[in-house]
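Go ahead and model the full structure; you've got the sequences and the hints to work with.
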Amino acid sequence: MKRRQYLIGALSLAVAFVVFVIPFIFVFLNAAKTAAESATLDFSWPREWRFWQNLVEVVQARDYMLLLAYFNSTVITVGAIALMVVSGAMVGYLLQRRRTPWNRIIYGFVLAGLIIPPAVVPTIWLLQQIGLFKSITGMIFIQCAYGLGFTVLLYRAFIATIPRDLDEAAIIDGAKPWQVFFKVILPLLKPVTVTVIVVQSITIFNDFTHPLYYLPGAENVTVQLTLYNFQSQFVSQMNLLFMNILLVTVPPLIVFVFFNRQIVAGMTSGAVKG
Amino acid sequence: MKTRLILSTALVSGLAPAAFAQELTILSDSSPDTVATFEALTAAYTAQNPDVSFSIETRPGGSEGDNLVKTRLATGEMADLFIYNSGSLLQALRPDRTLLPIDDIENYGQINEAYLSTVQGADGATYGVPLETAQGGGIYYHKPSYEELGLEIPMTWDQFMANNAAISDQTDKAPIAQSYRDTWTSQLFVLADFYNVLQAVPDFPEKFTANEAKFANTPAAAKGFERLQEAFEAGYFNADFGAATYDDGLRMVATGEAVHYPMLTFAVGAFQQNHPDLMEDVGFFAQPGDDLEANGLTVWMPASLYSPRDTEHPEIVRDFMNFVASPAGCDAITEAIGVTGPYLIEGCELPAEVPGMVADMMPYFDEEGRTAPALEFLSPVKGPSLEQITVEVGSGIRDAASAAALYDQDVEKLARQLGLPGW
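Line order of the protein sequences matches chains A and B.
According to our numbering, the first sequence is numbered sequentially starting from -5.
According to our numbering, the second sequence is numbered sequentially starting from 216.
These are computed hints drawn from the structure, not numbers from a lab.
For every residue, glycine included, the Cβ atom is placed at its ideal position computed from N, Cα and C.
Hints may be right or wrong, so weigh each one.
One side only, chain B facing chain A, incomplete, derived with CB under 8 Å [claimed, not checked]: (1) Leu283; (2) Gln488; (3) Gln632.
Right under this line is the structure:
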């Protein structure tokens, strides 16, 4: 019995190594090569270590574009997540607790947000009308709108596991409705909030297409767009591209490493009851 | 008081373009060479006009880039200047509705006429100036292998195949490199054969656009597919042709692992970056046809600089384009990225020393009648699936005849979308 467990453990470790670690090593090794050597895309030790030079070159490329991109992406991610957590939790709470004829309609909109694909040109037209196009604020609202459906679903499912008695006790003690939400319910939502933060921040931080269309302008660049500094049809600098990938991968990786336990806890705690 | 106020406002606004600093935005593609070109051109222009500055933004290439350009034109958010293909792809932007005509710039007469026809809209107005040099589609070859085997540069297709036979008999090198992981590289044998098509059927582009001639029923046009099939059936490709990349293809012909690589001369920059020591080992010749007397190069027109119709600075934009279409503009480009081919502006001179593979291209341009534009610059019709079809032919999945017929079907969809008469 014991031996079998070891075997399974070793096997899954090996699979995880092949699936997750080897690509990372590949990126790392190629990020340290010269442009000519990395063009062959070999899994080989670099003949000449240029890790630091490549790092400096990537950071300095196009007038320190990567640093600006880090700043923009961080602002967008933090802004959109904050908005999403507060409004998602509120909507989820109301949907779960207060039964009204509106519930079905609101729930329908939440599902529509998940199912119906967004159209680019009308969205841009709307943003132009309200003067938010080409602004970080506009991008925050868009990311929030795209992620809100999923967030509301997560919160609604989780709030169903919180006993109603808590609300009632608070109301008997004289709490106003908003106090019930902010002082009693919201602190209890921590596990699922962590899940939302991690899942959505990785999605938003790694988003490529939406910033590409909704956020034009050299000063509005986000991290995924910087990858295009180094690849094109005829001449690609693979070493710098891989270095850029490495730099862009690190922040989400750190988030994941630190919050790993909470993510799993949040995922499972919301999944029991629908 | 009031009149004076209005008067002074009018005065200020009249003087504004000269007196105030202006910033123009540029949407470049992501190639390091294009960005370097823009940086050099804008720096040179700002040196002459200190109140004009530029900010350069990059976009991805390929279909994502096409979508982006179309979206931004449709929403009126296009940068003041942007780079995009000439020829058939430009027509898909509907230039007569979206772009700024530039027929009245001062250096208009200096621009190559064959080029101008590829940046004109349905209304006959001109919308772009060439940002790069003309390029050829042909075959790169490994010079040391040619010397070793005593081979001559082939002037006909049969000579080319005889060279391939000699290479495959006497060495273990691959006679022809193919790289189908980057599917677009598979089209070269078909596209670069167009000089030969035009020699046999001079009015093919007009008839093709009018739906009177097809690839399948024009033997000269179908030949490109047949040549690809022939090369595959003879077993001349590198063993990993299905998985090799464009960079692999360049490496193979630079190191001599393969002796030929059909490619566009846009590749000069990549050779310079990846194989600087082997540059002079690589030569270039046009794809040969059947006729010894009619040997020439199929030419690709460079990407061009355009401006959207609703730009806020039409005067500065025109002036900048005028600068790009001047010898001073060419010199700025040469200084930034070196020479990749002949310029399309009269009066632009090349430096005395150019890479051997670029020098190999020049004789075709120097002699009258040895160049012809590729089909996509003579006809707005270019099917979107050609690269998938040529991958099939080059891998032996489909034969040349059915490929030509399939391409005709592919083209039909696009022609209907463009609303061409006769489809």
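Hint-by-hint comparison with the structure:
no., hint, result
1, Leu283, "holds (6 Å)"
2, Gln488, "holds (5 Å)"
3, Gln632, "violated (18 Å)"
The earlier numbered hint that this structure contradicts is number 3, and it is the only one.
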